[in-house]
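Chains B and L, in that order, are what the protein sequence lines are. Residue numbering for the first sequence follows our numbering, beginning at 1 and increasing consecutively. Residue numbering for the second sequence follows our numbering, beginning at 1001 and increasing consecutively.
Since the hints were made in silico from the structure, they are not lab data. Where hints are given, some of them may not hold.
[To be verified] Calculated from the model, a selection of chain B residues having no Cβ within reach of chain L, i.e. all distances over 12 Å:
(1) E10
(2) E36
(3) D375
(4) D529
(5) T607
(6) L680
(7) V704
(8) T707
(9) F708
(10) R710
(11) G743
(12) G777
(13) Q785
[To be verified] In the DSBU-like style, the derived pairs of lysine-lysine whose C-alpha atoms are separated by at most 30 Å in a straight line are:
(14) B:K362 - B:K390
(15) L:K1057 - L:K1084
(16) B:K246 - B:K216
(17) L:K1057 - L:K1176
(18) L:K1084 - B:K306
(19) B:K583 - B:K402
(20) B:K390 - B:K548
(21) B:K246 - L:K1084
(22) B:K583 - B:K658
(23) L:K1057 - B:K306
(24) L:K1084 - B:K245
(25) B:K402 - B:K190
Note that the structure is a prediction, hence the values are computed from the model and not measured. Built from N, CA and C at the ideal position, the CB exists for glycine as well.
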Amino acid sequence: MGMVHLSFEELSALFDGELSAQADSAARQHLRACPECSAEYSLNVRLERDLRQPPVLTCDTVLELLSATFDDQASPPDRAVAERHLGACAACRGEVQAWGNVGYMLRTLPAGRPSARVDQAIARLVSPPRRVGLPAFPRLAPRLAIAGAAILAVIIGGLPLAQTPGPTPALQPENDRVIVAAAQQIVYNKQNHTLYQLDTAAAAVNALEPGSNEVKARIPVGGEPISLTLNAFANTILVLDAVQKKFTEIDAASNTVIGSTPVVANGTPTIINVGTSGEINVYSVSTPTAGTAPVSTVSVLDSTTKQLQTVREIDVAPRMVVVDPLSNQAVLVSSEITKLVDSSYKVIGALPGGVAAAFSRKGDGVAILSPTGADTTINFAGSYAPTALKLQGSPRAIVALKQGGYLVSLQIGSQGRVVKVSADGQAEGSMSIASAGGDLLYDETTNFFTVTNGGKVETGQVVATAESASSEPPSSGAATAPPSPLAASSPSPTTSAPATTPPTASPESAKSPSPSPVVVALAAPDLIDSAKSIGPGLYSASLPSGLKPYVMTVNGSRVWFVDLANRVGSFDVNTGETKVIAKLRSDARIGYWVAGRSFVFGVDPATGQVHVVNTVTDSVDSFATKVLSPVSGAAVGPDDRLWLALRDASYLLAWDPKTRDMASFDLGDSRVSALTVDRLGRIVYSDDVHSRIGTLDPTTSKLVDLTFGRNGTTTALIVDGSGTLWLGTSTGDIYSVKSDQRGLAFNVRRAVSALALDPSGRAWYLAPIPNGIPGFGFAPADGSQAVRSIAGPAAGLAFSETGRAFSADPRGAFYVATEEGR
Amino acid sequence: VIGGSGRGAVAFAALGDAGNTASRVADVARGFSDVQLVALARESRGEALEVMYGAYKSRIYTFLLRLLSDPEAADDLTQDVFTKAYVALGSLTNEHRVLPWLYRIANNAAIDHVRRRRRFTWLRVGKLTGTGEEPLMPDEHGALPERDQVRAVLATLPAEQATAMLLHSLEGYSYKEIADIQGCTLTAVRSRIARGRAAFRVTYATTEARGPS
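Bound-form chain L, shown alone (with noise of 0.2 Å):
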């Protein structure tokens, strides 16, 4: 065969590995499959939500704080979705995986709160007084260099392209549950990782790296 593709094939495995090594946690929580989980909800939601928000609180929160920068607003959002998920948990069925259930909640509410965000442009802040009020970043894994600038140039994504790039990266879901948990198609979600992806590297090399402040 004449042509390049065995280069390029080289290259997807070698970067293959460097690109995809999300540890996917067990879907389990404290020993609960997902069937009895949901089996747990029909006889005491309380209970349910309880075991619930002990598995998963972590991974919804550091999703949402991956996506937001905001520790504050990742706290409400994360309490947002399982007070969603407490009022929905009748509807659970056994089909249901109850992480990427939960994700869904998240990446419904994180979509929201970015879109009402962008749109609370208009009070200068500089102007207020006492801006003291607004909540520091904790930071308790130590300053990266690079952390701020990613953190900044993911924040110049769309949501939804920003979701599903955390979600198949970090989270370690596939394209299928992506479009699932977005509510969207296979396409849709292969073109949002594919333009996040290009646009994150493009901004990623065009802005140059600040040391946390």
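Looking at chain B on its own, in the form it has when it is part of the complex (with noise of 0.2 Å):
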């Protein structure tokens, strides 16, 4: 073009401003005109600009600045920081814009005052009761007399225990509601493994040795201690006296007392614990006047100073308060009403009321123990919260257990009782006890329990259940009582003393109604006692939720099931106890459920699949078996072999789970329609195409059949004690045949569910009842006892050692018939 081009100085002094005012105009006259060189300029500009200036941060990496100067709070390098960033960036520019509007927002939120209850605790603590006439709050010198008359008033009719202490916190009805003593009475140091257990007619503490409750040292307090406490923090007992108003200190290394401390508070101190960051708690009830509620205060007490903190009123006067470590809440337990509160002492939610309440171990409820009546109600609450339960006797003392569950003191007439709560809120089972139920103490590592009334303590242990009582044998003295169902179920002090501890041994027995250790190993918990009954010796144990078995098979003291979400769980037939050990893959269908010694065996038909339960380890394998057909048969010999018979095949299928070895024998040209085994290890089938029965000897693999007609098709074969084959039919014909001979043959009209033998081998069918009548019935197959009915539901049926039937509810419960109704 043959413009001459600005040099690249010239560039640089006119973006400096540093040429002439002449030369400035012609070079932008010149850059105007010129496309490369006004390019050049461009460039230079912006390279000049990005060299001299600070960086360009990002967004998130300035928004502090940004902040900090728009609050005036940033030094000028980073104000400057800000603001390029800002210059540069127009969605920062909007979000500063936005800031404004946070403040505005913020100054709507609402100012106030503290209640008028603030004002009066502060007054209080400025100046407190004895000060009373300080000029500070005169306003309240009246309220204050008043409680001071309070005081008395409760003192001489509201607590029993302090008043008159007597060996028995009493339990007694007063116009309709019942008074308990709800104080804590014992605890656990695991620091030096003692129990510590209050003797109020002795106020004194003794020091027991867990398991024996042998008397280690006996630690007079003197006054009229009502309730005791561990300060694990401190390893102290702290012992409340509610008379004298304070609370003795026991160093627990020593055993001695070594303080005590006042308690200032309006009313009587009634309950004394240890929060979760070592504070003291004094909780003091006072008399509500007439039409308010009651009025109770939480004096809260540095652990180590022994000073105030802080005093909270409460406007629920409770028996006891219970604090979750888990959670931090606490439960304040009245008999009108039960207050959840956070630490604070911030209600949370109202639960009814009631003696006693444990936080279930889990984390996921609060049970709470009520009077009704005569007897008691559990109530739950929480995320899990089974419906009540109720219990005969009256309500005593309740703790949770590790595995879940809660164990409960109840006392009915004169005698104690201990009743293991499931985690689903189903009692479990219950023991009695010589004295009348109190305070209950649970140690979670040896499963022992502890109850203690007054002076009286007795111990025993909570339910060997089927794993604990393999895998934590009793550490401690009470091993004398082994775990066994037959151990205590009926206890007395001298027959279920163990030697250890003879009751006239104590040296502390002539001073005082001395603690008379009495060691009693809990009898294995019933399921009955938990089971609602349906009928005459007729029973419904339901199963935690969501378990709706449909297939079910007896081995050992378990009952084997699959549920309709193919869960394989196992139920305890004398405990009740349900596990769920495994889930099968969602498409397998179980047609055969048949139990060996050690193994379970669910076959799908359809597949050919097996899946293996090994009974000992609670493990579940699954098998592909390559079977070419639908199996048609299934049974377990006495060596643990799998007997399966193919429905296109004519040849039977043993299966070894331990070597899993699969051999087969011939059966000529017989169909298997139904298979069973003999007590000899025969097995012996049913063949509908053929209209025959037949019996293989699997040791020489000798074969017997012989012709039988029966209607219908095969779905039950079971092989009875004498030796009598019993076969079931689709059309309720149920025959026998013992030695070749046909026998008794009869229907039931409906088709038959299943057979089963008893304990004394004999055979039992399960069968729907006819006449449109909804339910099931079952009865000795020889027609010796009579139908009994079940009005639901039924699949399968099987016996325990002990005699009682069980059958599945696939409604989510089993069925257990005892021979009281036969």
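Can you join these two chains into the complex? Each is in its own frame, and there are hints to help.
Listed below in structure tokens is the structure:
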């Protein structure tokens, strides 16, 4: 173009404003005319600017500087960076603009002042009761005087424990309300493996050896102690005296009293506990004046200095306060209402009143023990809250078990009773104890529980469930009373006291109503205790929610089942304890579910898959057997081999779960419709196609068959203890065959669902009730007993060694029939 | 100068007025200066507490109420704050400024409370009976339509951020003073306020305002 371009120096000088006015003007004129120089200049401008400026930070990096600049809190360099970013970033300009609104919005939040209750609390703090008359808050004086009068009234009228210390925190019906001393009377200190038991009558604390309850030390505290608690932070035991309004500290290392602290509170101190951060809480109750809610206070003291930290008012007079270390929540249990509070005593929820409560160890709920007439109701609340459970006897105490569920102490007449309640709110078992129930302590490391009542102490063990009996042998003195189901069904001090602690050997016995340790083992809880009675000798034992068994069989003391969701589980025939051990693949459909000695087999007839439950290890393995035809029968031999019959093949397969070897036995032309094994281990089959029955002796491979006509197709087959073969059919015909001779035959009119042997070897059948009546009937196949009926769906029939019959209720339970009803 | 810093400065100046007009009540309690209050505390803790409570109870309560949206908790914590202050009055020195000292106690109590509250979620209150026990929120200021939303949005912020924002925007404390109250560094305060403010704005913008129910 012939145009003379601007040099780099000229462009730079122009950018810096260092050209003369004339040269500047000429250069700018050139830039307008020359695209090359214009482009070069622009590039330079950008380059220069970038070099001279503070770095442009990303929006996120610069956010804090923008915010501080907005608040006029940024240093000058920070402010420069912020402003530079803002100049370049429209998004942040918008953001900063919006911040003006944030301040405005925050100012819409309400202002206020604390309520009168806080004013009063602070006033009391400033001028405590003994300084009534100081001018600071004179209007409070009359109220304080009333409170002082109320203290006396409570001591005289409301606290039989403190007023007349007797051997038993009395359980007294009073105007239809049951007054229970739920005061904590026993604690376990794991730091020195010692039980501390308050002997209210003797005004002393006994340090006991857990298990044997042998008195290691006796620590007199004097006064009228009402409850005690463990301060694990300081390794001390705190004993509260309601009358003298103080608590005494016992050093657990030396088992000596090391001091006492007065409790300054309006009202009678009734409960003491130690919070999760070590603070000492003393709850004091004042008698409500007419028409007002009961007023209680909680004095919170520093654990070490014992200085008062705060005083709170709560509008409930708690009998018991239970703190959940998991959630820091607490329940304040009173007879009218139980309040669930957080750690600042803010009410989170209201629950039914009661006498005692316990948080579940799984952190999913709380159980409240309430009197209902002369009996007890346990109300559950929380994320897992079963329906309320009613128990016979008056409520005394409740503790949570580590494996879930609770242990409950009750009083029935002059006797005590301890009931184990499952996590799903079912009574799993119970035992009687010699003395009336009282405070209850549970030691989760040994599974032992201790009931204390005034001066009496009794210890037992929470049941030995199938797995805990084998894996957790009792470790303390009570091992002398093995957790046998029969060990303590009717305990008495003379028969169940172990030799190590003869009641008369106590050196303290002359001094006071001495602890007379009685060690008892908790009888195996009987599932009947918690099952619903649905007829004479017939019960329904609910399964944990969601379990709906559709096939079942018995192996040892457990019923094994598969539920509709293909979960494999066991149900203890004695305790009702239910356990799910595995879930089968969702497309598995168990057609045969048969038990051997240490295995239970589930066979999917369509695919030939075999699911093997090892009942020793509680594990499940699944195998594909590669059968080429649907399975038409399954049975287990005495050697634990699984026998399978194939619908379209004339041979039997025998599969060994230990070696996983498969053997086959030829049946000639027979087609098996049903299979069973007799006592001698012979395989017995029914052939509906050829109207035959046959026997195969696997040791000799000898096959014997005979023609045996029947109506319908075979639905159940069994050989009883006398060697009689029983065959049930789809038409409801039941046939018997003995020594190749056709015997009794009768018709129950509906397809026979199952045949099972009771412990005496007698065959029973289960079949739907005819005539359109919903439900099932079961009876001995020989007709020796009347048919018993179940009003509901039933699947399978099996007997426990104790003679109880079990059938699955696919709605979520097991039917249990006892012999009494027969 | 080529660049946009001029515009930015204008923006800051314009917004600065609107964004930071919190009125600072003189930190003087019923005519007592901080030094006098400390001296009074040495003479009579009770009287000193009485004076402090009378002068600052509304400030502390309002701070807690705004932070927690829970009058009962604000009540409880106010009582805690002054009870703790009462116990600790002896430790006050002439170097202490009383109101920030109270805010420091309140800040700790509030943050503890919020942390605990977040842990307390396992109970489905709907399952409990008699939920009439739940205190109702008194609202003597009339129902501002956005107030509930502001409360709700503030509650979504980490407690440290929310307290820092309130201390600055409503109580008028400088970042340095807030660092003293919160017991953290200046950088931490700067970050808390910036993150809190940004999160507040975004959350507020993305939630629909609901009228008072």
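Consistency of the hints with the structure:
1. E10: holds, 19 Å
2. E36: Holds, because the least Cβ-Cβ distance between E36 (chain B) and chain L comes to about 22 Å, which exceeds 12 Å.
3. D375: holds, 20 Å
4. D529: holds, 27 Å
5. T607: At about 42 Å from chain L, T607 (chain B) clears the 12 Å cut-off, so the statement holds.
6. L680: holds, 58 Å
7. V704: holds, 65 Å
8. T707: holds, 65 Å
9. F708: holds, 60 Å
10. R710: holds, 56 Å
11. G743: holds, 59 Å
12. G777: Answer for G777 (chain B): holds, closest chain L Cβ roughly 41 Å.
13. Q785: holds, 46 Å
14. B:K362 - B:K390: holds, 22 Å
15. L:K1057 - L:K1084: holds, 14 Å
16. B:K246 - B:K216: holds, 25 Å
17. L:K1057 - L:K1176: Holds, at about 23 Å.
18. L:K1084 - B:K306: Between K1084 (chain L) and K306 (chain B) the Cα gap is close to 14 Å, so the pair holds against 30 Å.
19. B:K583 - B:K402: holds, 25 Å
20. B:K390 - B:K548: holds, 25 Å
21. B:K246 - L:K1084: holds, 23 Å
22. B:K583 - B:K658: Distance of about 22 Å is within 30 Å: holds.
23. L:K1057 - B:K306: holds, 27 Å
24. L:K1084 - B:K245: Holds: K1084 (chain L) and K245 (chain B) sit about 24 Å apart, inside 30 Å.
25. B:K402 - B:K190: holds, 16 Å
Hint compliance for this structure: every hint is met.
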